[in-house]
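Protein chains: 2
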Amino acid sequence: MPRKKDEALHAARERQILDAAKTCFIAHGFHRTSMRQILNKAGISSGGAYNYFSSKDDIVKALVEAERADLDLLLKHLTENDDPLLGIAQLVYDSIGYYSRDDAVLAAEIYAESCRNAAIDEVIRANTERMSRLLHETMSRGKRTGAITARHSASELTEWVLALIDGYVGRIAASPGLKPRNAARMAKHAVVELLGHAK
Amino acid sequence: MPRKKDEALHAARERQILDAAKTCFIAHGFHRTSMRQILNKAGISSGGAYNYFSSKDDIVKALVEAERADLDLLLKHLTENDDPLLGIAQLVYDSIGYYSRDDAVLAAEIYAESCRNAAIDEVIRANTERMSRLLHETMSRGKRTGAITARHSASELTEWVLALIDGYVGRIAASPGLKPRNAARMAKHAVVELLGHAK
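Heads up: the sequence lines are chains A and B, in that order. Take 33 as the starting number for the first sequence in our numbering and just add one per residue. Take 33 as the starting number for the second sequence in our numbering and just add one per residue.
Derived from the structure by calculation, the hints contain no laboratory data. You may find that some hints are simply not true.
Because identical chains cannot be distinguished in the list, a pair is counted as satisfied if it fits within a single copy or across any two copies.
Simulated crosslink set (DSSO-like; lysine-lysine; CA at most 30 Å straight-line) [unchecked claim]:
1. K211 with K175
2. K175 with K93
3. K37 with K73
4. K37 with K175
Chain A on its own, in the form it takes in the complex:
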């Protein structure tokens, strides 16, 4: 009984630290944010902090890992939609439309850091590869059933979709005037053209 309460408290504290870290990274970037700043923001004494995360890297890894639950929801569009093309289009829409501009700025920051930080790269890569694999399977199924009429290979179609998602999330970060919902709608249109209408 007390154990459960401790676990709940521990999880709540972790959540507090991750939220504080997000806010700091968005405002100042990864390298100009110190552990102390994050803990101050989270209202946690620096003495107890290392029970939760031992470094900023660990915090970023936890942030990316926390996206896995969101990814599970996104990937359901691929596994549960009878029409592969509509499933992919919906995945693209949700991957972009649920980002706020702050989320997109954070993604750009983590992305840049991952290019030279192997530990962070590894957790991002795990998520990307999971999405990529399931997209590829869905593309192949769509081509077999005729729902996807594009001539290009399932691999190339998968790359197109991943590049469009990354590109639109980047454009949301760089263009405060671009509403995520509008970006998501445009990306979805592009994907429908690429997979369904292209001949």
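Based on the hints, put chain B in the right spot on chain A.
Showing chain B alone in chain A's frame:
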């Protein structure tokens, strides 16, 4: 006469500092690189350094401004190709294919920094808007002449192309296994499908 020599020397020194800064930013990121590191790398004494650039921000701005000459070359595809669709496809190919992975990592770093640094954002935005404007004009011309048969608006088509370029450059940065030439070829195929074959 001596003046010209001084100018040439000054320009050469600037070039040295910019090259050194690139190397440092790619290896360590913007915020973990100090002015001192850049000057050491460039072999310039820190006393004379501030004759060239007064801050790291100024160096990044100069790096982005230096891309203008490359941009001029890229945009020639739009102004000098009689076929708007082929011009755009070639622009997309060159925008991506001439990146090395290091260039792409640097672009990701500068991109992330620009989201919260107004001075850097401004110079990037000037380049992007120039490309965007000319792309839009070329799309409109292509739709008028029938070279571009896509149903969507010239604005949306322009956004598609910009997102594809950003997305593929990002994927080059994140995926050491993805050759820039292959990324460029895939992006070009996607653009041809989107603009020419989609109906």
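Q) Among the hints numbered above, which are violated by the structure, and what are their numbers in rising order? A) Numbers 2, 4 - these are the hints that the structure violates, sorted from lowest upward.
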